[in-house]
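Residue numbers (my numbering), protein chains in the order written: chain A, 1 to 145; chain B, 1001 to 1145; chain C, 2001 to 2145; chain D, 3001 to 3145.
For the record, the hints were derived by calculation from the structure and aren't laboratory data. Keep in mind that a hint or two might mislead.
[Unchecked claim] Pairs of lysine to aspartate or glutamate, EDC-like flavour, derived with a Cα cap of 16 Å:
| hint | chain 1 | residue 1 | chain 2 | residue 2 |
| --- | --- | --- | --- | --- |
| 1 | C | K2048 | D | E3100 |
| 2 | B | K1110 | B | D1026 |
| 3 | D | K3048 | C | D2026 |
| 4 | D | K3110 | D | E3003 |
| 5 | A | K131 | A | D121 |
| 6 | A | K110 | A | E130 |
| 7 | A | K131 | D | D3121 |
| 8 | C | K2048 | C | E2003 |
| 9 | A | K110 | D | D3121 |
| 10 | C | K2110 | C | E2100 |
| 11 | B | K1110 | C | E2009 |
| 12 | B | K1048 | B | D1121 |
| 13 | D | K3048 | D | E3003 |
| 14 | B | K1110 | B | E1079 |
| 15 | A | K48 | B | D1026 |
| 16 | C | K2110 | C | E2130 |
| 17 | C | K2110 | B | D1121 |
| 18 | B | K1131 | C | E2003 |
| 19 | D | K3131 | D | D3121 |
| 20 | A | K110 | A | E3 |
| 21 | B | K1048 | B | E1003 |
| 22 | B | K1110 | B | E1100 |
| 23 | D | K3131 | A | D121 |
| 24 | D | K3110 | D | E3130 |
| 25 | D | K3110 | A | D26 |
| 26 | D | K3048 | D | D3121 |
| 27 | B | K1048 | A | D26 |
| 28 | C | K2110 | C | E2003 |
| 29 | C | K2131 | B | E1003 |
| 30 | C | K2048 | C | E2100 |
| 31 | A | K48 | A | D121 |
| 32 | A | K48 | A | E79 |
[Claimed, not checked] Far from chain A, some chain D residues (derived; all Cβ distances over 12 Å):
| hint | residue |
| --- | --- |
| 33 | E3003 |
| 34 | R3007 |
| 35 | Y3014 |
| 36 | K3090 |
| 37 | I3091 |
| 38 | N3092 |
| 39 | I3117 |
| 40 | D3121 |
Glycine residues also receive a C-beta, built at the ideal position from the N, C-alpha and C atoms.
There are 4 protein chains.
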Amino acid sequence: MDEFTVRNEQYEAYVREHYASVRFMDTIGATITALRPGFCELSAPFRKDLGQQHGFFHGGIVATLADTANGHAGLTLVEQGQGLITVEYKINFISPAAGELLIARGEVLKPGRRVYISRSDVFARQNGAEKLCATSLATWAVIPR
Amino acid sequence: MDEFTVRNEQYEAYVREHYASVRFMDTIGATITALRPGFCELSAPFRKDLGQQHGFFHGGIVATLADTANGHAGLTLVEQGQGLITVEYKINFISPAAGELLIARGEVLKPGRRVYISRSDVFARQNGAEKLCATSLATWAVIPR
Amino acid sequence: MDEFTVRNEQYEAYVREHYASVRFMDTIGATITALRPGFCELSAPFRKDLGQQHGFFHGGIVATLADTANGHAGLTLVEQGQGLITVEYKINFISPAAGELLIARGEVLKPGRRVYISRSDVFARQNGAEKLCATSLATWAVIPR
Amino acid sequence: MDEFTVRNEQYEAYVREHYASVRFMDTIGATITALRPGFCELSAPFRKDLGQQHGFFHGGIVATLADTANGHAGLTLVEQGQGLITVEYKINFISPAAGELLIARGEVLKPGRRVYISRSDVFARQNGAEKLCATSLATWAVIPR
């Protein structure tokens, strides 16, 4: 959306350190593939043990990536000493998450004093082409770290 | 809510067979622990590789259980030859998912002709006591199986 | 859900005074018909100018009542000097809002320090019988009044 | 998002006729101010009787415009003989709806066979400048008209 004010010059180190502490992201093989103020992209390669009944990415993986991209987009904008916790999100599933790579792109809509609002789109890449498979809208509460 | 009309006498076999085909549920160690018309309970023991930064269940696991409990509650009520796909859900996180067991209880609010609506609560059991950690509200589309 | 702690003994006066200041509730003819800690019920009689294409209550009226019942349920539990603002809500429409009276019942799920979570069901009363027509799940931020 | 396929050459007449049949839109003084395939803009001038406690547009008006813009964006894309009903939506409130005009812009994200997904942003215009005050994400079911 708009340009964002960075309140923590060390945001990249902070976001990456936070991400590294989340064990489940390692479990599913997801990594940060782009990061800038107000934006975070995550990617995870397909594995059969992440699949649902048709061999596509399970909706739980899609939601996990959508949520985590939203949160880490937000973390680029908080002050030192602040963190964010998920209050809630909504996710709409748009097409099957079929492909070799799942990509979530989260962006902040509003970095408020008490509450952050962010949005992410999730794409499945199949044979090199990306297709939108889900979109989410999320609310975060600002907390002391 | 209300009593439900069962349209498929073999619903239990169908729901369990469908569940068994979802690889990711096996990956996270979740099992069906209660099932009746319009209702499904899932449980998953804590493992460190399912954790977030504080060693609680990751929000992605909470959402996965909430979503899957909703869907399998719905599948108890569909006709033979019908299935359900997640259209969307919203989940509110209420308290940290800290404990040895995560339990999701999904119930159908409306089994419609085109659309099902369901709701689930997720509880974390710690030292034997259950605490509500999330609640979800979901929409499903009826599709041919 | 649980029993709630009342933090403001004058909560009823506060909630009713707040309600009276919201001009749009007067415009649509909605009144508080029940109030207790953590709970608020609103009712609005049908009028043609509140209708949609089939002569039922418009979805905007359903959402307005759902939202306002949630908020005023929450306001029964805040401390003196605190208020609540809507962060977001989701509403599922379950059946047509056809009838002579629309009734929304909101209850608090979690009265947190920073954030309140509440839920409401909306019923249409037709020939004396109530039917569930919508359900909502909402998030509120605690603010200084 | 993408370019859309128009399935009903008379879509504009159909959408405007449908809109005219919704009495509540007339009650609040909202009109269609832009319409094209997959997109609908609605606007409503401020009136005191549409206000909340601070004299801004009430959240119910914001939600009504968000929802109606989503639905009428969708109606531009349905086949002759089809309609849409709101299944659910989520709305995040981002800033106070303060100003002389409220504008909702809805766009279709996916016009599916059974389900449409759409999104709208709501802006308040104050002294000529627009400010984003809410964003919504909605699901619609395709029904026979």
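Are any of the numbered hints broken by this structure? If so, which, sorted upward? Of the numbered hints given earlier, those the structure breaks are 1, 2, 6, 7, 8, 10, 11, 12, 13, 16, 21, 22, 23, 24, 25, 26, 31, 32, 36, 37, 38, 39 and 40, listed in rising order.
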